[in-house]
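Construct the entire structure; sequences and hints are all you get.
So the protein sequences, as listed, match chains H and Y. Be aware that the first sequence starts at 1, since it is given in the numbering used here, and climbs by one per residue. Be aware that the second sequence starts at 1001, since it is given in the numbering used here, and climbs by one per residue.
In case anyone wonders, no lab produced these hints; they're calculated from the structure. The reader is advised that the hints may include incorrect statements.
Covered stretches of chain Y (in silico footprint by chain H; criterion: 3 or more residues with CB under 8 Å from a CB of chain H, positions within the stretch not fixed) [to be verified]:
hint, segment
1, 1067–1073
2, 1087–1098
3, 1101–1109
Sample of chain Y residues with no beta-carbon within 10 Å of chain H, all distances over it, derived [to be verified]:
hint, residue
4, Gln1017
5, Glu1059
6, Leu1078
Each residue gets a CB set at the ideal place from its N, CA and C atoms; glycine is no exception.
The primary structure of each chain is shown beneath.
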Amino acid sequence: GENVEQHPSTLSVQEGDSAVIKCTYSDSASNYFPWYKQELGKRPQLIIDIRSNVGEKKDQRIAVTLNKTAKHFSLHITETQPEDSAVYFCAATFNDYKLSFGAGTTVTVRA
Amino acid sequence: NAGVTQTPKFQVLKTGQSMTLQCAQDMNHNSMYWYRQDPGMGLRLIYYSASEGTTDKGEVPNGYNVSRLNKREFSLRLESAAPSQTSVYFCASSSSNEQFFGPGTRLTVL
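What follows is the structure, encoded as structure tokens:
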């Protein structure tokens, strides 16, 4: 199956600074890469996704980049705010619609 | 439109007891999933159902069984609970790639 590695496991940033989370995947057939945000005690919720035919996608303060050749993708959060504090998971598809998730990154935004 | 719902929200079992976690979705999705979430390990797929009447093993299926009762409902059963099954369990559904998650069930096995 797919193996997704995510770094760093924890990230502390000053409010207003940028945060970057990186993931690598192993299956070259993967074609869909979502990012989920999970607040404490809540369910994971999709914040942005990218398909393999696109190199970059942006939605307000968040953006995702994909390098298919290197098999890695990244989440960028600009102008971080306290409400961005959460655990973020990357994922990649394998065998149709199954997702393999990274281990998660705990982001803390310091006021 | 409730999305994905799960019951119960919390459960404590003794080793060897059995129980069924219930999941239902009202989005007319074909695919449904069961995950477990443990600290530092992300979400791991237990079982998967591509459509009504079909189920398939995921990454960590041992100790679990599932039933896709109809298009809406997908249940997860622990026949003989073990402490290693202490976890938070999430159900999800999808019609294409995007998966929608339920609120989770926090299970403790003593």
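So, going through the hints one by one against the coordinates:
no.: 1; hint: 1067–1073; in the structure: violated (count 0)
no.: 2; hint: 1087–1098; in the structure: holds (count 5)
no.: 3; hint: 1101–1109; in the structure: holds (count 4)
no.: 4; hint: Gln1017; in the structure: holds, 25 Å
no.: 5; hint: Glu1059; in the structure: violated, 7 Å
no.: 6; hint: Leu1078; in the structure: holds, 21 Å
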